[in-house]
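Enquirer: These two chains come separately, so use the hints to put the complex back together.
In order, the protein sequence lines correspond to chains A and B. Under this note's numbering, the first residue of the first sequence carries the number 60, and numbering increases by one thereafter. Under this note's numbering, the first residue of the second sequence carries the number 306, and numbering increases by one thereafter.
Hints may contain errors.
What the hints assert, rightly or not - Stretch by stretch, here's where chain A covers chain B in the computed footprint (C-beta under 8 Å, at least three residues): (1) 308–315; (2) 393–406.
Stated by the list, open to error - Some chain A residues judged to face chain B by a derived CB distance under 7 Å, without partners named: (3) Ser130; (4) Leu132; (5) Ala152; (6) Gln155; (7) Arg156; (8) Lys165; (9) Gln167; (10) Asp171; (11) Leu172; (12) Glu176; (13) Leu179.
None of these hints come from the bench; they were simulated from the model. The C-beta atom is built at its ideal place from N, Cα and C for all residues, glycine as well.
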Amino acid sequence: MTAISVKNLSKYYEVHQKEPGLVGSLKSFVLRKTYDVKAVDDISFTIESGELVGFLGPNGAGKTTTLKVLSGLLYPTGGDVSVLGYTPWQRQAAFQRRFALVMGQKNQVWWDLPPMETFLINKEIYEVPDAQFRETLDELVQILELEKVINVQARKLSLGERMKCELLAALLHRPQVLFLDEPTIGLDVVMQQNIRNFVREYNARYGATVILTSHYMRDVEALCDRVLIIDHGHLVFDGDLDTVVRRYADYKFMTVTFESPVVEAALAAYGTVVSYRPRTTTLRIARDAVPQVSARLLQDYPVLDLNIVEPEVDDVVRQLFSGGKPAYAEVVS
Amino acid sequence: MQRYARLYLAFAKNSFLNALEYRLSFTVWSIATICYAVVYVASVQIIFGHVQTIGGWRVEQMLVLAATVMIVDGIVESIFGENMNALSGLINRGELDFVLSKPVNTRFYVSTRKFDWDPLVQVVLGGGVLWYAVGLLAEPVTWLGALLYLGMVVCACLIAYSLWFIIISVTFFVGRLNNVAHLYYNLIEASRVPTDVFRGALRLGLTFLLPVAFIATVPSQALMGLLSPTFALAAVAMTAGLLILSHLFWQLALTKYSSASS
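Chain B with its partners taken away, still in its complex shape (with noise of 0.2 Å):
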């Protein structure tokens, strides 16, 4: 655990270091971020100019799910983003080859090789939003809410990144899978609509067959108090239940590397 920590520490200060060396990257990436970042917030205050509550959300509470997404996205994308999107280029130039023959755990190596520094600057940002969000809001935020919010904070980067390892190392053998692997990024903008919009079976699917509630919906009604104990327990499960699933995808496609490739 203790070596994992030290080599994690390695890479992510090889990945600021690489950083440094791309200054220019760095700030191009922050501009964007921020122009985005208003647009976004602008656009709910547009929306909010016409209507009251959206699925019973006031514009506070969208305000807190619109910065739950650029916070979780902003995680995602830093500590794993670079990294899945360099996972299939890994393998069709062999250089897997090495990693296989290293003493290290080959998930946590090619998870986590790259920590990418510029999508901070959404976390941060996003920080701001949800610090003017909450002060909007009816109800103050307690302790326990705040816990909670940062518990499924945690929830909802674990969910998005083994969804996305779980579509890479199905890419790993099937060969080719057009688009799929934009899954991550479709999983991000529809979370940026709370899923109470939606009913019936819609509302369902999009719970606990593509769990897009957990990555942004869950998280907010955490913070406001608003989460019953199932869906926390619920978002538990199925934080669990990816990251095995993902674990079991990545070992078959280990073999089928190890058999297949020369």
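In isolation and in its complexed conformation, chain A is listed as follows (with noise of 0.2 Å):
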């Protein structure tokens, strides 16, 4: 069944420009030049239910304006939008009931309450019943590990916390849709990882549909199967994940700190060097050689220490444009 379906979207937002200086103020004041930004220019895609879908793509490249004109906050421009059937600008109760929406950025717990009010507020908004909503919260407090946290004034939790909170409060009426943006902006490691293991978990057991942007390769790789990559407004790409980190990300970064120093020519051998000092040097290196180069260099210096890194999202949609047309031509819609 089709969960969510995208015809032809645009969105262009009305900016107005302004020269330099005072009489450029001045014009601007009595003659305003507008134009239009393309947030989201033609762009179509359908999700199936259950699907677990990765909005990808570099800042300002139009992942949030999608969601939000998804979750009925702005009206498109053009074309048509179906997200369970109901036109999401229309804002109809019923469809509300259904979706939610997660933003990494933003909160709605209240900030000088335990997390445990935001929820109880949110129970009555959505009128979940008593014994739905003690069964939901005892489930996601266990899945979410927040039993000592959640009687806690939420400005003194962690960011991690809150975050976990955010998702709580989100949830407590069991969307049967999830929006979330950048939900694991500006947390540690440990944290960003129980933040994916949770959204995976709620997909499985609620066979709920979910579209989660981030600039973090990892929440993407570890979670969707499918990555719609958004640049510009367009879409560049739709498909399975793992052909777009092979494809466009055929490299890692190999970062080796030596226990003597090193002259920078006999690192050219091994790969790419990315930035250079005597003891601590980066390397690109590409994807399949990396065991092999690593191995390599263990062999070759002493070697205190060796880390390896996957390419920032950013810097994949970068190489994705640079490289051109192919791009273009792997648009699926």
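Expert: Pasting the structure below:
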């Protein structure tokens, strides 16, 4: 069953521009020059119910705008959108009871009170019956390990604990569709992992459809089989993640700390030197060659530390664009 | 309806818990309010040490007016004050997104989410002053007068709230309106004087353009049996009109928010 269908969605923002200086300001005061910024430009996709899909793209790509249109917060400039059979921006209560929006950078949990009080407010807003509220609360508190936290004033909680509470507050009415906008932003690795596990668990347990936006490749990698890559308002890739990573991020970064200084020229034999200091160097190495290169390095030099990281998703997307045409050719709609 | 009553109860409970978290705030507020009330009532007494009447109002009648201002202002600030002051922040930080995505009346949510328990001190004090002033009145207060007073106080609160809400809604799509956000406080200040003091165009303006008269003068007249039925009806009409107008402004503001914010 199709949960979300988006056809030719566009969203333009009108912004005004002004020339610098006083004269420019006066001109702009009298005659305002406006132009459209195409935040989302002719995007189409469908998502089946129960799918866990990742939205990838650099800042300003149009991810959040798309999510906001899907949640009914913004009117689109053009196109058709259907979420669970509803048109989101009509903001029908029946629709609003069936989805939830979680934003990593914004809070809905009351700052000065224990999270439990926010949960009780949401219970009233979503008209969750007592028994179901108890059951869902107990279940979510247990999965999220929030037993000790829900009765402590929210402002005294750590960022990670607060984020978990945000999730809990958003999920008490058991939404069938969940929009997660950067849910792991600013969290440490362990907490990111916890949130990921939870999202997977929620998706599996309730069969919920989930759209996740994130800057972190790891989030998307761990959770989503399918990704939509958006840049400059265009959908540039729709497909499974393996293809993206293999094709567009066919390298990793390796940071090596040596016991004694090593000259830069000698390192070029192992990979592309990205940054160099005599004792600590970062190399860019082809994905397939990573095991072999690290083995050689360890053999050739006394190595103190060796750290291998995936490229940032922003880099992958940028590379995807510098590749030019093949990226656009991948569009599946 | 019942659902909103339950929701409001939950809001009020949360706000009460919130107030308990900050005990000192309540104490400081109470002291400030008491000082303010004492100075205010004393100043009325001092003025009447020199004159017999102001615009036809005697000292005990002025005290009724003073008490009414305290009561109306206290109620409006308790129920709506914190919400009105928080609304522009809610918009700036984009937290209105959460409200808009929930199956709840947006205006209800943003207007009543926080109940401020502190200004209730002022309502209690106002009640005390009113009790004292009524004892001094030449004509005893009738049951009808008391009932009409309650009705007019409700109207006054809704008028003040609607005006405040309209101003905030306008700020919403204009971006910034310096100082206009303080209009509510100016309205309350202006209502400390009976509008009978003014004449001609100014008096008409303060009644129908900027409805200062309905905040305290009209309710006080109602209590003292001095209110004409026409004015009682005008108060009800003014209340209904401003509630509708504020609704329209809010709808407009939401459309603007929905198409502009990112």
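Enquirer: Closer than 7 Å between Cβ atoms is the bar; does Ala152 (chain A) clear it against chain B? Give me holds or violated.
Expert: 4 Å, holds
Enquirer: Can we keep the Arg156 (chain A) interface hint, with Cβ of chain B closer than 7 Å?
Expert: 5 Å, holds
Enquirer: Do the numbers back the hint for Glu176 (chain A), that is, is its least Cβ distance to chain B under 7 Å?
Expert: At about 5 Å, which falls below the 7 Å cut-off, the nearest Cβ of chain B leaves the hint on Glu176 (chain A) intact, so it holds.
Enquirer: With a cut-off of 7 Å on the beta carbons, see whether Leu179 (chain A) makes it to chain B.
Expert: 6 Å, holds
Enquirer: Is the interface hint for Gln167 (chain A) satisfied, with its Cβ closer than 7 Å to some Cβ of chain B?
Expert: 4 Å, holds
Enquirer: May I ask you to test the interface hint for Lys165 (chain A) with respect to chain B, counting a Cβ-Cβ separation under 7 Å as satisfied?
Expert: For Lys165 (chain A), the interface hint holds, since the closest Cβ of chain B sits about 6 Å away, which is under 7 Å.
Enquirer: Three residues or more, CB to CB closer than 8 Å: is that satisfied between the stretch 393–406 of chain B and chain A?
Expert: holds (count 7)
Enquirer: Holds or violated: is there a CB of chain B closer than 7 Å to the CB of Leu132 (chain A)?
Expert: This hint holds: Leu132 (chain A) lies near chain B, its Cβ roughly 5 Å from the closest one there, short of 7 Å.
Enquirer: Taking 8 Å as the Cβ threshold, is the statement that the stretch 308–315 of chain B is covered by chain A upheld or broken by the three-residue rule?
Expert: holds (count 4)
Enquirer: Does Gln155 (chain A) pass the interface check with chain B, least Cβ-Cβ distance below 7 Å?
Expert: 4 Å, holds
Enquirer: With a cut-off of 7 Å on the beta carbons, see whether Asp171 (chain A) makes it to chain B.
Expert: 5 Å, holds
Enquirer: Interface hint check: Ser130 (chain A), Cβ to nearest Cβ on chain B, cutoff 7 Å. Holds or violated?
Expert: Holds - the Cβ of Ser130 (chain A) comes within 7 Å of chain B, reaching about 5 Å at its closest.
Against the hints set out earlier in the document, no violation occurs for any number.
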